[in-house]
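Colleague: The primary structure of each chain is shown beneath.
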Amino acid sequence: NAGVTQTPKFRILKIGQSMTLQCTQDMNHNYMYWYRQDPGMGLKLIYYSVGAGITDKGEVPNGYNVSRSTTEDFPLRLELAAPSQTSVYFCASSYPWGDTIYFGEGSWLTVV
Amino acid sequence: KNEVEQSPQNLTAQEGEFITINCSYSVGISALHWLQQHPGGGIVSLFMLSSGKKKHGRLIATINIQEKHSSLHITASHPRDSAVYICAVLYSGGGADGLTFGKGTHLIIQP
Numbered sequence: 001n002a003g004v005t006q007t008p009k010f011r012i013l014k015i016g017q018s019m020t021l022q023c024t025q026d027m028n029h030n031y032m033y034w035y036r037q038d039p040g041m042g043l044k045l046i047y048y049s050v051g052a053g054i055t056d057k058g059e060v061p062n063g064y065n066v067s068r069s070t071t072e073d074f075p076l077r078l079e080l081a082a083p084s085q086t087s088v089y090f091c092a093s094s095y096p097w098g099d100t101i102y103f104g105e106g107s108w109l110t111v112v
Numbered sequence: 001k002n003e004v005e006q007s008p009q010n011l012t013a014q015e016g017e018f019i020t021i022n023c024s025y026s027v028g029i030s031a032l033h034w035l036q037q038h039p040g041g042g043i044v045s046l047f048m049l050s051s052g053k054k055k056h057g058r059l060i061a062t063i064n065i066q067e068k069h070s071s072l073h074i075t076a077s078h079p080r081d082s083a084v085y086i087c088a089v090l091y092s093g094g095g096a097d098g099l100t101f102g103k104g105t106h107l108i109i110q111p
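Residue numbers (our numbering), protein chains in the order written: chain A, 1 to 112; chain B, 1 to 111.
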């Protein structure tokens, strides 16, 4: 059981570039999430999905897109990267909202 | 948006000390999570509770629903307990917003 795997771990992007953060889980969880963590702040929800083919916006969705074609995979796409998107990104998964939540190792993204 | 407040923000203690980290929230919740984030960045779930008390090894988590307050205790603290401890709540009817996270308590245990 690998749990939640996200890649890449580190990435430097130039302003205006695009990239995709990959996330996969092998626990057959229906619920998957993308969070960002900024220094001194709590994690903020970007997008979430309650099952394959279903996605919805969280608190801070602007500048991001997601898709959920399978139960296992939940990639996060950054379009036209901006310095404000410099952050640490965490993918997570769980059964229903109130159950134990499992996090990936994080992806450190710098936009310059 | 309803907030989650943690205290203290930073805590430095000596090995062996009893540690308490507090979390308070503003309205009714369905569940409360305690998470641990190590310096490398990975986040691990410690507890999920909706009432009472849970214990795992040297860690104890309690919640008082009436007072809207939870505590995380560490007994016989050790340098390997050094980490950021994060409280997160699922507000009743949380829906699209899911979990609301506190800013974390940065704990350092000195040998």
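Where hints are given, some of them may not hold.
Stated by the list, open to error - Once the Cα atoms are required to be at most 27 Å apart in a straight line, the calculated BS3-like pairs of lysine-lysine come out as:
hint, chain 1, residue 1, chain 2, residue 2
1, A, K57, B, K103
2, B, K55, B, K68
3, B, K103, B, K55
4, A, K44, B, K103
5, A, K57, A, K9
6, B, K68, B, K103
7, A, K57, A, K44
8, B, K103, A, K9
9, A, K44, A, K9
10, A, K57, B, K53
11, B, K103, B, K53
12, B, K103, B, K54
To be verified - Residues of chain A clear of chain B, computed beta-carbon distances all greater than 10 Å:
hint, residue
13, T7
14, L13
15, I15
16, S18
17, Q22
18, N28
19, G40
20, G42
21, K44
22, N65
23, R68
24, V88
25, T100
If you're looking for bench data, these hints aren't it; they were derived computationally from the structure. Virtual Cβ for every residue (Gly too), placed ideally from N, Cα, C.
Colleague: Would the non-interface assignment of L13 (chain A) survive a Cβ cutoff of 10 Å against chain B?
Modeller: holds, 19 Å
Colleague: At 10 Å, judged by beta carbons, does Q22 (chain A) keep clear of chain B as stated?
Modeller: Given a closest Cβ separation of 17 Å, the condition holds.
Colleague: Taking the shortest Cβ-to-Cβ distance between S18 (chain A) and chain B, state whether it exceeds 10 Å.
Modeller: Label holds. Min Cβ-Cβ 24 Å, cutoff 10 Å.
Colleague: For G42 (chain A), is the shortest beta carbon distance to chain B beyond 10 Å?
Modeller: violated, 3 Å
Colleague: Closest CB-CB distance from N65 (chain A) to chain B, is it above 10 Å?
Modeller: With a cut-off of 10 Å, N65 (chain A) remains clear of chain B, as the shortest Cβ separation is near 17 Å.
Colleague: Has the given pair, K103 (chain B) with K53 (chain B), been kept, meaning a C-alpha gap of at most 27 Å?
Modeller: holds, 23 Å
Colleague: Just checking, K44 (chain A) versus chain B, shortest CB gap more than 10 Å?
Modeller: At about 8 Å from chain B, K44 (chain A) fails to clear the 10 Å cut-off, so the statement is violated.
Colleague: Please verify whether K57 (chain A) and K53 (chain B) have alpha carbons no more than 27 Å apart.
Modeller: violated, 33 Å
Colleague: Hinted pair, alpha-carbon criterion (27 Å max): K103 (chain B), K54 (chain B). Please report holds or violated.
Modeller: At roughly 22 Å apart (the allowed maximum being 27 Å), K54 (chain B) and K103 (chain B) satisfy the hint.
Colleague: Grab the minimum beta-carbon distance between T7 (chain A) and chain B and tell me whether it stays above 10 Å.
Modeller: holds, 14 Å
Colleague: CA of K57 (chain A) to CA of K9 (chain A), is that 27 Å or under?
Modeller: holds, 24 Å
Colleague: If you draw a straight line from the CA of K57 (chain A) to the CA of K103 (chain B), is it 27 Å or shorter?
Modeller: holds, 22 Å
In the structure shown, a violation is registered for the earlier hints numbered 10, 19, 20, 21, 24 and 25, in ascending order.
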